[in-house]
Amino acid sequence: MAGKSSAERSSLEHQNAALMAVFERAGFDHVAPDIIQPADIFLERSGEDIRARTFVFTDPSGAEMCLRPDLTVPACRYHLSHAENPAAERRYCYLGPAFRFPDELLSPQEFTQAGLEWFGAPEAIAAEARVLKLTISALEAAGLSRYRVSFGDLGLFSALLEDTEMPERWRQRLRHHFWRPHAFRELLDSFCAGRGAKRTSVSPLVDRAAAGDALAIVEAEIESRRLPLVGGRELPEIAARLANKAADRQETPLERAKADALNAYLAIAGEASSIDAQFAAIAGGQRFMGARDYYARRLYEMEELGLNPRRFHFAAGFGRELEYYTGFTFQIEADTPHGPVAVAGGGRYDNLLSDMGSPVAVPAVGCAIHTDRLKAVLA
Amino acid sequence: MSVVTLAIPSKGRLMEATAELLAKAGFTIDRLGADRGYRGLLRGLDGVEIAFLSASEIAQNLRDGKVDLGVTGQDLLTEKIPPDDKAVQLLVRLGFGPADVVVAVPECWLDVATMADLDEIAESFYERHGRRLRVATKYHNLTRRFFAGKGVTGYRIVESLGATEGAPAAGIAEIIVDITTTGSTLAANSLKILDDGVILRSCAVLAGRSERLDDPRARRLIEVLSAIT
Numbered sequence: 017m018a019g020k021s022s023a024e025r026s027s028l029e030h031q032n033a034a035l036m037a038v039f040e041r042a043g044f045d046h047v048a049p050d051i052i053q054p055a056d057i058f059l060e061r062s063g064e065d066i067r068a069r070t071f072v073f074t075d076p077s078g079a080e081m082c083l084r085p086d087l088t089v090p091a092c093r094y095h096l097s098h099a100e101n102p103a104a105e106r107r108y109c110y111l112g113p114a115f116r117f118p119d120e121l122l123s124p125q126e127f128t129q130a131g132l133e134w135f136g137a138p139e140a141i142a143a144e145a146r147v148l149k150l151t152i153s154a155l156e157a158a159g160l161s162r163y164r165v166s167f168g169d170l171g172l173f174s175a176l177l178e179d180t181e182m183p184e185r186w187r188q189r190l191r192h193h194f195w196r197p198h199a200f201r202e203l204l205d206s207f208c209a210g211r212g213a214k215r216t217s218v219s220p221l222v223d224r225a226a227a228g229d230a231l232a233i234v235e236a237e238i239e240s241r242r243l244p245l246v247g248g249r250e251l252p253e254i255a256a257r258l259a260n261k262a263a264d265r266q267e268t269p270l271e272r273a274k275a276d277a278l279n280a281y282l283a284i285a286g287e288a289s290s291i292d293a294q295f296a297a298i299a300g301g302q303r304f305m306g307a308r309d310y311y312a313r314r315l316y317e318m319e320e321l322g323l324n325p326r327r328f329h330f331a332a333g334f335g336r337e338l339e340y341y342t343g344f345t346f347q348i349e350a351d352t353p354h355g356p357v358a359v360a361g362g363g364r365y366d367n368l369l370s371d372m373g374s375p376v377a378v379p380a381v382g383c384a385i386h387t388d389r390l391k392a393v394l395a
Numbered sequence: 008m009s010v011v012t013l014a015i016p017s018k019g020r021l022m023e024a025t026a027e028l029l030a031k032a033g034f035t036i037d038r039l040g041a042d043r044g045y046r047g048l049l050r051g052l053d054g055v056e057i058a059f060l061s062a063s064e065i066a067q068n069l070r071d072g073k074v075d076l077g078v079t080g081q082d083l084l085t086e087k088i089p090p091d092d093k094a095v096q097l098l099v100r101l102g103f104g105p106a107d108v109v110v111a112v113p114e115c116w117l118d119v120a121t122m123a124d125l126d127e128i129a130e131s132f133y134e135r136h137g138r139r140l141r142v143a144t145k146y147h148n149l150t151r152r153f154f155a156g157k158g159v160t161g162y163r164i165v166e167s168l169g170a171t172e173g174a175p176a177a178g179i180a181e182i183i184v185d186i187t188t189t190g191s192t193l194a195a196n197s198l199k200i201l202d203d204g205v206i207l208r209s210c211a212v213l214a215g216r217s218e219r220l221d222d223p224r225a226r227r228l229i230e231v232l233s234a235i236t
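Which chain is which? The protein sequence lines are H and W, in order. So for the first sequence, the numbering used here puts the first residue at 17; every next one is plus one. So for the second sequence, the numbering used here puts the first residue at 8; every next one is plus one.
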C-alpha cells in the first residue's frame with residue numbers, strides 16, 4: 017500500500033489514543049523506547065527464528081543493529097538504563113512502530129504496537145489480574161465488543177514437574193522442551209525407556225563412559241584419532257555430557273504413570289473458572305497444590321476487578337510458542353466473520369531482565385496490542 | 008504463442024550433464040551468436056528458447072517468472088522457493104548431480120550424535136559463552152526450516168559463500184550446513200554428519216512455472232524427460 021492515507025492515519029491514531037488513555041489513567045508512565053536497538057539482545061535471546069524476521073544492519077562502527085521486532089525488550093532496556101534499582105516498582109506504557117519481515121501469513125512488515133510493562137509489582141497475583149483487566153478495558157475503549165480470552169499458566173506445569181520424582185537434569189531438559197510438544201513427548205518417552213532408549217552413533221562411547229572415567233576416555237579418543245579441537249567446546253564439557261548420558265542409562269526409568277500425568281496435565285483445556293476439577297484429577301504433590309491455590313486466587317482477583325472468568329478459556333499447553341513467559345500467559349482474540357483474530361497477548365516473564373543483565377531478579381508482567389490488526393477488525 | 012524459456016546451467020558438470028540428457032531425448036542445443044552466448048534454441052522442439060544462467064540464479068529466475076522452465080539442483084530450488092509456493096513446481100528428478108545437504112559438527116564433539124543433542128548443547132553453550140552456536144551455510148532457508156522442524160532454536164546463521172567446511176577450523180562457526188557427495192571433504196575437515204542430519208537428498212531437477220505447464224511444448228519436454236530418467 018506504500019503508506020496510510022490521511023483518513024487511515026487519523027483513524028488509527030484516534031483508536032490508539034483511546035488505548036493509551038486507559039493505560040495512562042491507570043498510572044502507567046508513557047515512555048518511548050528506542051526504535052533502533054543493538055541486534056544482539058534480540059538475536060542472542062531469541063535465536064534464529066526471530067532473527068529471520070528482524071531487520072538487521074551494520075552501523076558505521078561495525079556494530080550490528082536492528083529495527084525492533086517487538087517493544088518488550090526495548091522497554092526492558094529503557095528500564096535498565098533509567099532505574100537506579102531495577103527491582104523497584106515501575107510501570108510503563110508505550111505506543112510505537114515495530115518491524116518484522118512478513119511471514120507466510122503475509123503480516124505487515126511495519127506495525128504499531130501498544131503495550132504496558134509492570135516491573136517489580138509487589139503483589140504478583142493482583143498485578144497479573146490487573147494487566148489482563150487493563151488490556152481488556154483498553155480494547156473495549158477502542159470499540160472491541162466481541163472477543164474471547166484464553167490463558168495458560170506455566171507455574172502449574174513447573175510445580176507439577178517439581179513434584180514428579182526424577183533427576184534435576186531431566187527436569188531441566190523437560191522445561192527446556194516445554195515449548196516444543198513433539199520433542200517434549202519424545203524426551204519423556206526416552207526417560208521412561210531407561211536402558212531401552214534408542215541407540216545413536218555415540219552410544220558405544222557412552223557405554224565406555226559408563227564403565228570408566230569419561231574425561232580420560234574422551235582425551236584418549238581425541239589423541240588416538242588425532243582429532244583437532246575445533247568448535248569452541250572444551251574437553252571437560254564434552255566428557256561431562258557423555259558422563260550424564262551414561263548416568264541417564266543407569267538411572268531408574270521414569271514411571272510411565274508419572275509421564276502420563278504430565279501429558280494428561282498438558283492436555284487440560286476448558287472453561288477457566290471450573291477447570292480446577294480437572295487439575296484435581298492429576299496426581300500432583302504439595303507444589304502443584306500450591307500452584308492450584310495461586311490459580312484460584314488469581315481467578316478471585318479477576319472477579320474483584322469486574323472480569324467474568326466463566327467467559328474465559330484455559331489451556332495448559334497455551335503459550336507453548338512464546339518462549340520468554342514464565343507463569344501466567346494470555347491472549348485475546350477478536351471474533352470476526354472470518355474466525356478469531358489475535359489482537360493482544362501478554363503474561364509474566366520473570367527471567368527476561370536478569371537475562372538482559374539486571375544484577376537482581378525483576379518480576380515482570382506485560383501486554384502488547386497489535387493496533388493495526390485491531391483497526392482492521394474494527395473497520 | 009510466446010516462446011517457452013528453458014533455463015539451463017551455463018557451465019560445469021551440471022551444464023554438460025544437462026546437454027547429454029537433452030541429446031539423449033533427441034534435442035540439441037544451439038547457442039546463438041558467439042560461442043559463449045547466453046541465449047540459444049532447442050533444436051528438435053520449436054518455440055523453446057534456452058537461457059544459460061548460473062545454476063544458483065535459475066531458481067530465482069523461475070520464482071520471478073523470468074523463465075518458464077529450468078534445470079537446477081534441487082538444493083538450490085528448495086532453498087529459494089518456499090514449500091508453500093504454488094507458482095513453481097518440481098517436475099522431474101533428473102538423477103544426475105546427486106548430493107546431500109547435511110548438518111555437520113566437529114568430530115571432536117564426541118557426545119553429539121543427533122539434532123536433539125545439538126539443541127541441548129545450544130543451551131549450555133549460550134550459558135558458558137554468552138552467545139549462540141553459529142551455523143555457517145549458504146542455505147539459510149533450508150537450515151531454518153529444518154532446524155525449526157527438529158525444534159532447535161538456539162543458534163545463529165553466519166553467511167558462508169564458499170569453503171563452508173573450513174568454517175569451524177577458522178573459528179567462524181561451530182556447525183555447518185553444506186552439500187556433500189561422498190563426505191570426504193567433511194572427513195578431511197574433521198567434521199561428521201549428525202545421525203538425523205540429512206536435510207535433503209538432492210539431485211538435478213526440472214522445475215517449471217505452474218501457469219506455463221499446459222503449454223504443449225512444456226508438456227512435451229516434461230514427458231520426454233520423464234520417460235528417459
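Hints may contain errors.
The calculated label-pair distances, taken between Cβ atoms and stated as ranges, are [what the hints assert, rightly or not]: (1) Ala33/H / Gly178/W: 51 to 61 Å; (2) Ser17/W / Ala33/H: 42 to 52 Å; (3) Ser233/W / Tyr340/H: 35 to 45 Å.
Residues from chain W that keep clear of chain H, each with C-beta distances beyond 10 Å, as calculated [to be verified]: (4) Asp37; (5) Arg46; (6) Asp71; (7) His147; (8) Ala176; (9) Gly178; (10) Ser197; (11) Arg226; (12) Glu230.
Where chain W lies over chain H, by a calculated footprint (3+ residues, C-beta under 8 Å) [stated by the list, open to error]: (13) 187–194; (14) 234–242; (15) 273–284; (16) 350–356.
Honestly, the hints are just simulated from the structure, not real lab data. Don't be surprised by glycine CBs; every beta carbon is placed ideally from N, CA and C.
Comparing the hints with the structure gives:
1. Ala33/H / Gly178/W: 51 to 61 Å: The hinted range 51 to 61 Å holds for Ala33/H and Gly178/W, with Cβ atoms some 52 Å apart.
2. Ser17/W / Ala33/H: 42 to 52 Å: Violated: the Cβ-Cβ distance is about 58 Å, outside 42 to 52 Å.
3. Ser233/W / Tyr340/H: 35 to 45 Å: Given a distance of about 50 Å, which is not inside 35 to 45 Å, the answer is violated.
4. Asp37: Correct as stated: the minimum Cβ-Cβ distance to chain H is 41 Å, above 10 Å.
5. Arg46: Given a closest Cβ separation of 35 Å, the condition holds.
6. Asp71: 18 Å, holds
7. His147: 8 Å, violated
8. Ala176: 5 Å, violated
9. Gly178: 8 Å, violated
10. Ser197: 5 Å, violated
11. Arg226: 30 Å, holds
12. Glu230: 33 Å, holds
13. 187–194: holds (count 3)
14. 234–242: Three-residue rule met by the region 234–242 of chain H, so holds; n is 4.
15. 273–284: It is violated: at least three residues are needed, and the region 273–284 of chain H offers just 0 whose Cβ sits closer than 8 Å to chain W.
16. 350–356: Violated - the region 350–356 of chain H has 0 residues with a Cβ nearer than 8 Å to chain W, which falls short of three.
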